[in-house]
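Hey, can you work out the whole structure from these sequences and the hints?
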Amino acid sequence: MYTKPKFLIFFCLIIFSCKEKSTPLIIGHRGAKGHIVENTIPSVKYAIDLGANGVEIDVFKCKSGEIVVFHDNNLSKLLGVNLCIEELDLKAIKSFRIENKYSIPTLEEILSLELDHLILNIELKGKGTAIPTIEILQKYFKKKLLKEENILISSFDWDELLVFRSKSQKTPIGVLIDGNPLIALKFAKKVRAVAINSDYKFLNKRNINLINSKGYKLFPYTVNEEDQMKKLISLGVDGIITDYPDKLKNILNYY
9 MYTKPKFLIF
19 FCLIIFSCKE
29 KSTPLIIGHR
39 GAKGHIVENT
49 IPSVKYAIDL
59 GANGVEIDVF
69 KCKSGEIVVF
79 HDNNLSKLLG
89 VNLCIEELDL
99 KAIKSFRIEN
109 KYSIPTLEEI
119 LSLELDHLIL
129 NIELKGKGTA
139 IPTIEILQKY
149 FKKKLLKEEN
159 ILISSFDWDE
169 LLVFRSKSQK
179 TPIGVLIDGN
189 PLIALKFAKK
199 VRAVAINSDY
209 KFLNKRNINL
219 INSKGYKLFP
229 YTVNEEDQMK
239 KLISLGVDGI
249 ITDYPDKLKN
259 ILNYY
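For the sequence shown, my numbering gives the first residue as 9, with consecutive numbering after it.
Please keep in mind that the hints were generated in silico from the structure rather than gathered at the bench.
Just so it is clear, CB atoms sit at the ideal spot from N, CA and C, and this is done for glycine as well.
Have a look at the derived ranges for each label pair, beta carbon to beta carbon:
| # | residue 1 | residue 2 | range |
| --- | --- | --- | --- |
| 1 | Tyr-262 | Glu-95 | 46 to 56 Å |
| 2 | Asp-186 | Gly-223 | 20 to 30 Å |
| 3 | Glu-234 | Asn-212 | 12 to 22 Å |
Below 20 Å or equal to it, Euclidean Cα-Cα: the simulated EDC-like pairs (lysine to aspartate or glutamate) are:
| # | residue 1 | residue 2 |
| --- | --- | --- |
| 4 | Lys-239 | Asp-186 |
| 5 | Lys-53 | Glu-116 |
| 6 | Lys-109 | Asp-80 |
| 7 | Lys-198 | Asp-165 |
| 8 | Lys-257 | Asp-57 |
| 9 | Lys-152 | Glu-116 |
| 10 | Lys-175 | Glu-157 |
| 11 | Lys-178 | Asp-167 |
| 12 | Lys-178 | Glu-157 |
| 13 | Lys-194 | Asp-207 |
| 14 | Lys-99 | Glu-116 |
| 15 | Lys-150 | Glu-117 |
| 16 | Lys-102 | Glu-117 |
| 17 | Lys-99 | Glu-74 |
| 18 | Lys-53 | Asp-124 |
| 19 | Lys-71 | Asp-97 |
| 20 | Lys-71 | Glu-116 |
| 21 | Lys-150 | Asp-124 |
| 22 | Lys-99 | Glu-117 |
| 23 | Lys-102 | Asp-80 |
| 24 | Lys-197 | Asp-165 |
| 25 | Lys-85 | Glu-95 |
| 26 | Lys-135 | Asp-167 |
| 27 | Lys-147 | Asp-124 |
| 28 | Lys-213 | Glu-233 |
| 29 | Lys-147 | Glu-74 |
| 30 | Lys-155 | Glu-143 |
| 31 | Lys-53 | Asp-254 |
| 32 | Lys-150 | Glu-122 |
| 33 | Lys-99 | Asp-80 |
| 34 | Lys-147 | Glu-157 |
| 35 | Lys-151 | Asp-124 |
| 36 | Lys-151 | Glu-116 |
| 37 | Lys-213 | Asp-186 |
| 38 | Lys-178 | Asp-124 |
Here it is, written out as structure tokens:
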């Protein structure tokens, strides 16, 4: 019979149950994307200032091997240049400035912000990100600069999650899915995930209850409208990923 390892049970009970069921965790999407350019150090800091319990960031491996924090494989959307981030070395990446002021950070630069009191949801965006991300995290775990139970690794690329779990038995995983969240249940069991990160549009009371009954937390994304936030709170989700942590915090202040 399948049972979750004690470490992951601890993660579910202690970290993600630090609030009552009616008050979900506030997770800043790419920092505070609705206010400051996504996946930048100022955006992450501002999400915390706005009251977020955690932040979600995206990572790629660049040509020189470092893990950099960026959402798109191509730089065109934010920088107006048709270049792939995976084909650039770190020196080249660091030469760019988004809106003439924001640099693209490395994962280590984000971790240096001392986020050990928060949940850090790291989404593996590119191929080959799992192992170098593990290696970076383990350095911080060993030095006690980061609490392993506060990390949540997620990805739409389930193969990367398989690689991650094969090399890291304890670090919590959240399975990302953009369709029916029930489809993720079988894979979530396979990688011993603690959570499912679902597109909020596919959630309802029935599938939320079913997923919770299987022992998984639910963290819907990307929820920016107040009406949707209120609906998801009433449905009992465990956390909400949003571009506007301040909006969600203001709503939760009335619950």
